[in-house]
Amino acid sequence: MNALDSLLNGFGTALTPVNVLWAAVGVLLGTAIGVLPGIGPAMAVALLLPVTYGLDPVAAFIMFAGIYYGAMFGGSTTSILLNTPGESAAVVAAMEGHPMAKAGRGAQALAAAAIGHFTGGMVGTILLVALAPTVAHLAVDIGAPDYFAIMVLAFIAVTSVLGSSRIRGLASLLIGLTIGLVGLDQMTGQQRLTFGALQLADGVDVVIVAVGLFAIGEALWVAAHLRRRPADPIPVGRPWLGRGDVRRTWKPWLRGPFIGFPFGAIPAGGAEIPTFLSYVTEKRLSRHKDEWGKGAIEGVAGPESAASASAAGTLVSMLTLGLPTTAVAAVMLAAFQQYGIQPGPLLFDREPELVWGLIASLFVGMVLLLALNLPLAPVWAKLLRIPRPYLYAGIMFFAAIGAYAVGGEPIDLVILLVIGLIGFGMRRYGLPVLPAVIGVVLGPNAEQQMRRALQISDGAVTGLVNTPFAVTVYAVIALMLAAPGLRRLAGAVRGRRRESRREGGADA
Amino acid sequence: MRLRTPLALLGAAVLVLAGPPLLSAGSDEDTGTRIPGLRLMVPNTPGGGYDITARTAAKDAKEAGLTHGIEVFNLPGAGGTVGLSRLVSEHGNGRLAMSMGLGVVGAARSNHAPKTLADTTPIARLTEEQDVVVVARNSPYRTIDELVGAWKEAPGKVPVGGGSSPGGPDHLAPMLMARAAGITPGSVNYIPFDGGGELLASILGNKVGFGVSGVGEYLDQIRAGELRVLAVTGPERVPDLADVPTLRESGYDVDFTNWRGLVAPPGLSDAERGKLIRFAEELHDSPEWRRSMERNGWDDAFLPGEEFGAFLKAEDRRVVSVLKELGL
Chain A
1 MNALDSLLNG
11 FGTALTPVNV
21 LWAAVGVLLG
31 TAIGVLPGIG
41 PAMAVALLLP
51 VTYGLDPVAA
61 FIMFAGIYYG
71 AMFGGSTTSI
81 LLNTPGESAA
91 VVAAMEGHPM
101 AKAGRGAQAL
111 AAAAIGHFTG
121 GMVGTILLVA
131 LAPTVAHLAV
141 DIGAPDYFAI
151 MVLAFIAVTS
161 VLGSSRIRGL
171 ASLLIGLTIG
181 LVGLDQMTGQ
191 QRLTFGALQL
201 ADGVDVVIVA
211 VGLFAIGEAL
221 WVAAHLRRRP
231 ADPIPVGRPW
241 LGRGDVRRTW
251 KPWLRGPFIG
261 FPFGAIPAGG
271 AEIPTFLSYV
281 TEKRLSRHKD
291 EWGKGAIEGV
301 AGPESAASAS
311 AAGTLVSMLT
321 LGLPTTAVAA
331 VMLAAFQQYG
341 IQPGPLLFDR
351 EPELVWGLIA
361 SLFVGMVLLL
371 ALNLPLAPVW
381 AKLLRIPRPY
391 LYAGIMFFAA
401 IGAYAVGGEP
411 IDLVILLVIG
421 LIGFGMRRYG
431 LPVLPAVIGV
441 VLGPNAEQQM
451 RRALQISDGA
461 VTGLVNTPFA
471 VTVYAVIALM
481 LAAPGLRRLA
491 GAVRGRRRES
501 RREGGADA
Chain B
1 MRLRTPLALL
11 GAAVLVLAGP
21 PLLSAGSDED
31 TGTRIPGLRL
41 MVPNTPGGGY
51 DITARTAAKD
61 AKEAGLTHGI
71 EVFNLPGAGG
81 TVGLSRLVSE
91 HGNGRLAMSM
101 GLGVVGAARS
111 NHAPKTLADT
121 TPIARLTEEQ
131 DVVVVARNSP
141 YRTIDELVGA
151 WKEAPGKVPV
161 GGGSSPGGPD
171 HLAPMLMARA
181 AGITPGSVNY
191 IPFDGGGELL
201 ASILGNKVGF
211 GVSGVGEYLD
221 QIRAGELRVL
231 AVTGPERVPD
241 LADVPTLRES
251 GYDVDFTNWR
261 GLVAPPGLSD
271 AERGKLIRFA
281 EELHDSPEWR
291 RSMERNGWDD
301 AFLPGEEFGA
311 FLKAEDRRVV
321 SVLKELGL
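Protein sequences, first through last, are from chains A and B.
Quick note: the first sequence, position 499, residue 499 per UniProt numbering, numbers continuous.
Quick note: the second sequence, position 299, residue 299 per UniProt numbering, numbers continuous.
Mixed in with the good hints there might be a few duds.
Examples of chain A residues toward chain B, derived with CB under 10 Å [said to hold, decoys possible]:
1. V140
2. I142
3. M187
4. Q199
5. A268
6. P343
7. G459
8. A482
Here are some chain A residues pointing at chain B (derived, C-beta under 7 Å) [what the hints assert, rightly or not]:
9. G322
10. Q342
11. P389
12. G408
13. P410
14. V414
15. A460
Label pairs and their calculated CB-CB ranges [claimed, not checked]:
16. P114/B / L254/A: 51 to 57 Å
17. H137/A / F73/B: 47 to 53 Å
18. D194/B / R166/A: 30 to 36 Å
19. P375/A / F311/B: 57 to 63 Å
20. K289/A / R223/B: 36 to 42 Å
21. D253/B / G408/A: 40 to 46 Å
22. R137/B / P375/A: 47 to 53 Å
23. L479/A / P140/B: 34 to 40 Å
24. R496/A / A154/B: 53 to 59 Å
25. Y390/A / F311/B: 56 to 62 Å
Hints in this document: simulated from the structure, not taken from any laboratory.
From the three backbone atoms N, C-alpha and C, an ideal C-beta is built for every residue, glycine too.
Pulled out of the complex, with its shape left as it was, chain A reads as follows (with noise of 0.2 Å):
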């Protein structure tokens, strides 16, 4: 009851006029900043902190956590409208979003995403405050092994989204599992696929790869089959969900937040994961199988809302251990040091106003950006209406603003476009593009975190198995790999008993 306390205090902090405009400030500009791709919620936060250093900490950190939060929700609008995502979180939600507002469903795909963030982000807030302390203590006993297993089922989840040819799917992936492999081996220092060139050391960001494999490829796409096809305006259609629409979504969007959460509040999680497992698990629970690809709603529903419930869970990190799990939790964590507060085990004790008013106004902000997002999604889907020529010249224009914003080097540019090149030439051969940004974000950790738990063990196969939680995961992927196979030989034995019964009756 203590926490239920605390947090109606909290209210009582972030409900003054001011910290509601604060709130509010930040939801605006981190929608804006989602919206514009390449720029991150982690580099806006960094550009603000010294505009902020006027206020008072709490009126701040609400602030910030508008922008956090507010970034989320504006990612997925390019992502779905221009099929450009502005950051890594929003990267699946191009997968069925922008299907569906090329078939004229944009404003649907966009309150779906909305709302789906809206959900994500009150069970997530709500976990929080509710298990605040015991989650961050589960965090610490994640280690390297453990990642490696949550790897390796992310890994064979993700063959359910290869498409219909595997072969296909699986080239798609290695081309991801390559370009993941450029840049410094982070255990060793050694260079890789870099051609001796310094920019390319740190990789290649996972947005610039998402933006050139969606949106350039497709711009090129597009490009050279214009000229056979006349250009008919993209529909837009109703601009609200229908009752069929909700029937769908309410349960991917209730789930996300259960597999979003978790991975946000682990030191390695981040929000790209468990936007992908929210994906091919709404895939596999979907009635309507036959839609994905073409723009089923439930794939935006339920990434979108682990997307935000994994916001939510960095909080928690962060807040209790002082552990910092994504770079925007890094830099409101600068920040904090910047007021001389250091969240840790005594912030909680120590900053109860700060800590139980940014937590209220999470709830706060939420509110305001549903009732920001959600009257412009029809507007939103309007951009459509532009005739296609220029609708992509200015998809390109701003891709090259996002993968330029990224690093601000003039390189990114032509790796963006190099990656375009590939995008077109993997829809002229019919490569899917997921599992290949799949293999960028997948690749690189899940080598990590084997190689690292290789060096703690001192180099001991066991090493990869000697936690409970790991060979738990290893259960379940072996459960799931051998489901197919026991239901066919369930399947047969049944058949086979069936077929002697039938034999018996005729026998006798």
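Using the hints provided, position chain B relative to the given structure of chain A.
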């Protein structure tokens, strides 16, 4: 007509994002120590150590009335060597400086970067921070001797976690420590983590034998009793941790301090160089900077111009000697 709202929103967003940098780059009169249009480059990501140093310096300089505002921008990559190459290529630009530290010295060497810090104009060393040797509360090691004893017996079984890639400060400190304890640095099982988050979790969860990190980073966890400090790496004890011995007191001849400072592009005229050094001096003397140092737990380590240049060379030699021993 229908496009007006989204376009207006986009326009507003562009203004909001592009506005502050454009405004802060506005010109002011070139008088006295003022350097109009001075820009500070940060060679790593927002929120990192060099970033906080640069942004704090920019803010304090403005508040102390030294300039009208300094634009801080990030050019991350390869442990700071991407920024270093850019700085060296800005030959003769007296309105640019880079926030850097020991990590850049190491990265330039371990990445075999074509440009090193010898190619830059040293302006000043600003701050320093000791490293701490920490273990979890429930770790079996209670003293530094117990730890080193176990470490010596089987270096591979006592993995060391640090927040920097090979060549960086958290990598150099345990290597120097190993050398002083009679352990071949090559046999040290060093595990790099990105930033402090995952590292902290690994220390708290006893995944690594011990961790090495800047003292400021984990002060709160230390005060809360979740982490135990076995030693500090610098020449003197840290005021905040008065009962923790230095490595040297414990019998290991190590003197290691991480530091941060400013360097400028090569090819500056004496006047331009003098102006930048004077700017650093005035920043250092300002009460605003003093307060910021205290708040961030940085130790004053001001060392201007030539002396900083000589110090850079000495640090470079030390890095090279450790890396050579490791075969990097």
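Here is how each hint holds up against the structure:
1. V140: holds, 4 Å
2. I142: Holds: closest Cβ of chain B sits about 7 Å from I142/A, inside 10 Å.
3. M187: Cβ of M187/A sits 6 Å from chain B, so the hint holds.
4. Q199: Q199/A check passes; min Cβ-Cβ to chain B is 6 Å, inside 10 Å.
5. A268: The hint holds - A268/A has a Cβ within 10 Å of chain B, the shortest such distance being about 6 Å.
6. P343: With a closest approach of 8 Å, the P343/A hint holds.
7. G459: Result: holds, 7 Å to nearest chain B Cβ.
8. A482: violated, 31 Å
9. G322: holds, 6 Å
10. Q342: holds, 4 Å
11. P389: With Cβ-Cβ at 16 Å, over 7 Å, it is violated.
12. G408: holds, 6 Å
13. P410: Given a least distance of 11 Å, the restraint on P410/A is violated.
14. V414: violated, 15 Å
15. A460: Cβ of A460/A sits 10 Å from chain B, so the hint is violated.
16. P114/B / L254/A: 51 to 57 Å: This hint holds: roughly 55 Å between Cβ atoms.
17. H137/A / F73/B: 47 to 53 Å: violated, 39 Å
18. D194/B / R166/A: 30 to 36 Å: holds, 34 Å
19. P375/A / F311/B: 57 to 63 Å: holds, 60 Å
20. K289/A / R223/B: 36 to 42 Å: Given a distance of about 55 Å, which is not inside 36 to 42 Å, the answer is violated.
21. D253/B / G408/A: 40 to 46 Å: With Cβ atoms ~43 Å apart, the hint holds.
22. R137/B / P375/A: 47 to 53 Å: At roughly 52 Å between Cβ atoms, P375/A and R137/B fall inside 47 to 53 Å, so the hint holds.
23. L479/A / P140/B: 34 to 40 Å: With Cβ atoms ~37 Å apart, the hint holds.
24. R496/A / A154/B: 53 to 59 Å: For A154/B against R496/A, whose Cβ atoms are near 57 Å apart, the range 53 to 59 Å holds.
25. Y390/A / F311/B: 56 to 62 Å: Given a distance of about 58 Å, which is inside 56 to 62 Å, the answer is holds.
When held up to the earlier numbered hints, the structure conflicts with 8, 11, 13, 14, 15, 17 and 20 and fits the remainder.
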